[in-house]
Every structure is written in structure tokens, then in C-alpha cells.
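As you go down the protein sequences, you meet chains A and B in turn.
In this note's numbering, each number is its position in the first sequence, counted from 1, plus 5.
In this note's numbering, each number is its position in the second sequence, counted from 1, plus 106.
All the pointers check out, no bait thrown in.
Listed below are several chain A residues computed to face chain B (Cβ distance under 10 Å; list not exhaustive):
| id | residue |
| --- | --- |
| 1 | Ile105 |
| 2 | Ala124 |
| 3 | Leu127 |
| 4 | Leu354 |
To be clear, the hints were calculated from the coordinates, so they are not data collected in a lab.
Values in this document were obtained by computation on a predicted structure and should not be read as measured data.
Note that CB positions come from ideal geometry on N, CA and C, so glycine has one too.
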Amino acid sequence: MQNAMSMILVAATGPWAAKTVAERASESLDTSLWAVAAYMVLALLAVVVLVTLLGLVLIYAERKIAGRFQCRVGPMRVGPHGLLQTVADTFKLLLKEDIIPTRADQAMHLLAPFLCMGATVLIIAVLPYSPTMQILDLNIGVLFVTAVSGFGVMGILLGGWSSNNKWSLIGAMRSGAQIISYEISATLALLVVVLFAGTMSLRGIVESQEAGWWIWRAHGVGLISFIVYLIASTAEINRTPFDIPEGESELTAGFHAEYSGLRFSFFFLSEFINMFIVSALAATLFLGGWMPFHIGGWTTFNNVMGLIPPSLWFAGKNLFVIFVIMWFRWTFPRLRVDQLMRLEWKILLPIGFANLMAASLVVLSNFYFFPGK
Amino acid sequence: MEYFFLLLFTGLAAVLVGAGLLTSYLVAPHRPNPLKNSPYECGEPTIGQSWVQFNVGYYLFGLLFLVFDVEAAFLYPWAVVFRQVGLTGLIEMGLFLLVLIVGLVYAWRKGALEWV
Chain A
6 MQNAMSMILV AATGPWAAKT VAERASESLD TSLWAVAAYM VLALLAVVVL VTLLGLVLIY
66 AERKIAGRFQ CRVGPMRVGP HGLLQTVADT FKLLLKEDII PTRADQAMHL LAPFLCMGAT
126 VLIIAVLPYS PTMQILDLNI GVLFVTAVSG FGVMGILLGG WSSNNKWSLI GAMRSGAQII
186 SYEISATLAL LVVVLFAGTM SLRGIVESQE AGWWIWRAHG VGLISFIVYL IASTAEINRT
246 PFDIPEGESE LTAGFHAEYS GLRFSFFFLS EFINMFIVSA LAATLFLGGW MPFHIGGWTT
306 FNNVMGLIPP SLWFAGKNLF VIFVIMWFRW TFPRLRVDQL MRLEWKILLP IGFANLMAAS
366 LVVLSNFYFF PGK
Chain B
107 MEYFFLLLFT GLAAVLVGAG LLTSYLVAPH RPNPLKNSPY ECGEPTIGQS WVQFNVGYYL
167 FGLLFLVFDV EAAFLYPWAV VFRQVGLTGL IEMGLFLLVL IVGLVYAWRK GALEWV
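Please model the complete structure; the sequences and the hints are all you need to start from.
Right under this line is the structure:
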């Protein structure tokens, strides 16, 4: 009886047989090209399903949570408790006319939402959802995510400029300045974890947290960089309190004022997916990704924690961070542009540098909890 | 190998986004008229183009960003091999960062970080 129990525990916690879809595909590269094609199609289908589901769930959650924070009930009419509201909205947007203003730069106007959406889809492919649920694992994972999310900025700048609308242009310029400023702090915060883990591969970073998550293993250094990352990335995805690029009260809709129909919804969707990506990255780097809550050396405790499947751990952490970002929106008022720049360049950037140096000292002296694991 | 799949996936992602646009093109109405296609600036008739020269204001921040982002690109490989290079690496990167931080302090003192 006890033997069976421990076998279940080993099966649940056991050595993680992490393998990405791309690795499986390349294994069958010699035997059958059809298998490779099937893997790729499956991976793409998974991304389509994930993007659609995320869009539906996140937009519904945002509206419901906003409603609850303001003592309203949120959408209620379409479907039970308004569950089908987003589906209805999606079909409405699909059926709406796609307007390109006469004076706009036609080609650039078409290209912009493409860039935004394409960048988000590419990032989704490299995130580790569980040991077996990951499409690609790049050895430069963290760098790749930062670099590709830079394409999103290009989309925003291009969309705002090509619309030939003053509000769009101002919105795009603000957005560009904000995103490039906060990118430095986000990068410095991510570097702390790269320093701890000694690898940039996202899977490698998750596996390096088997003895404990980086947020608490390094005596506060991890926690500080988590907080800096959360603030900087909220600014990077243009969410309140950093939403002056879209400030409805002054710029109507900012950079996407001249977009309608499906191309508007691409901008809108990529904003929500970006929120997911940012949370997923925070969960992966600081909260252990799919790694259960482990405390180095507490074998029984770790085994019990391992009974919860890795994908659930990832989803739970991710949704928690998403909820916190939504919570920000109803707690903090919008920052003025000078406050925005002061927060980044005079507060977050010095903290980021000091924290990076502290982190390197921590690694050098092996002074974190459970070193060498 | 991973990068080959990445390339493949980039192509597939583009096709995916394109398919969405095609669907919308097929099912959505298309009835343009001059008023509808004019820029929307809260209903006021637009005066002139938006493509004019104006003071970007973010120019200095853009320059600073360039410096710090390139520095971050140097920091990534350093962070990966930090355990191997140890104290030497820390001192060297410390000196490198010191130069940059002196630059930041200089910009700060000169008032480049003030929003005007």
C-alpha cells in the first residue's frame, strides 16, 4: 500500500521529462516528413485555439472584474452571466466594414496590425506551459521575447503614423517613448533571473527553480526585480496607470483611432495577449513557471505539491499575475507624462542597476537559499 | 534546428493573421464614401496634414534608450556565463556599468531627464 503510494508520488513529481514539440518533430525528421508537418500543424492549431480562448476569457474577465470593483455586475445579457458577450462582439467586429482613410499611407496602415499580432503569436510559441507543452525552446529565450515584443512597438508606431490623424500620431509617439523607456527596466529585472539561472532558455530557467522560486530564494533581490518587472511591463503593454498613449479623454483612442473591423480587433487582441505574455514571463522567471511550489530538501512536501499537474501550476500563477495587473487599473490613477518619465529614469532605472549589482554579489557568494541546486 | 522551426512558424503565423484578414474581407461590407474615409478628429474638419515636422520631445530619451539597450545586449551573455567568470567578470562589468552610470548622472544633472 505504502509502496503504491510512493510510486504515485514519484510518478507525479519524478524527473521532469521536458520535451518541446519542435524536439519531437526533429526526432521524426529522418523517418517521416509527414510527422513533422503534422507536428507543425498541430502546434499552429494549438496557438490558434490558445489565442482565441485567451481573447475570449481575458476580455470577459476584464469586464467582469471591472464591474465587481465598481459595484456593477458587468455583462449579463448574452448567454448565462454574459459568458457569450465576447463571442458576440468578435462576430460583430468580423462583420464590420474595414475602413482605410483616403489620406492614410495605405500599405503601412495595412501592415501595422499584422506586425502587432504576428509578434504576439511568435512569443506564444516559445513560452513553456508545462514540461511537455512548449512549441519551441530557444537557447536565447528571454532575449528573443524582449526582441520580438519590440516588433509590437513598430506596429504601434507605424499604425499611428500611417493613419495621418493627429491624435493617432501623438498617441503613437507617446507610446513609443513609454515603451522604449520602460523596456530598459524590464530588461534589467529579467537579467537578474538570467544571472541566477545561468541560462536564457525559458525551460532552463524553470528547471533551475526546482529547489525554490527565484522570487524568494535570493533574500529580496528577486522580489525587488519582480516588482520592478511588474511595473515596467505594465507600462510596456500600455495599461492603466500607464495608458496616456490611449488616454480616451484627450486622444479618442490614440494610435488605433483610424482602425475598424478586424484590424482594430487585432490591435485590441494583441494588447490582451500581451498582458498574458507579460504575466507568463513573470510567472516563468520569478514564480517558477510550471514548477510546483518546492522547498529544497523537503522531499515529502515537494512530493505532495507535485501531485498538482504542472500545467495547472502555470495557469494558476499566470492568472494571478493577470488579476494583479487588472487590479492596478482600478486602483491607480493615470500618470502624467512627466511623472511617467521621472518614475522610469530617476526611480526604476537606478533601482534596477543597484539590484543587478546586488544580484551578482548574491550569485558570487552563493548566498541564496539552497545554493547549488 | 529550433531556428528552422522558428522560421517555419513565423511563416505560419503570417498566414494565420492573413487568413483572418481574408475572412473579414470576404464577409464584411465595403461601401466607402468621402466623409467616412476622412480622418476622425472628433468631428472637426481636419486642418492640414499630420505629417508635419514637430518637436518630438522624446528625442533625448530615445538617445539614452539606445545607450542603455545596447548595454543590456552586452549584459545578457555576461549574465549567462557569470558563474564561470566570477569575480573578474563582476569587476569588469562593474567598471563598464560605472561609465554608463556616470553618463546617466551627467544627463540627470544637465536636466535631460526633465520633461519640458
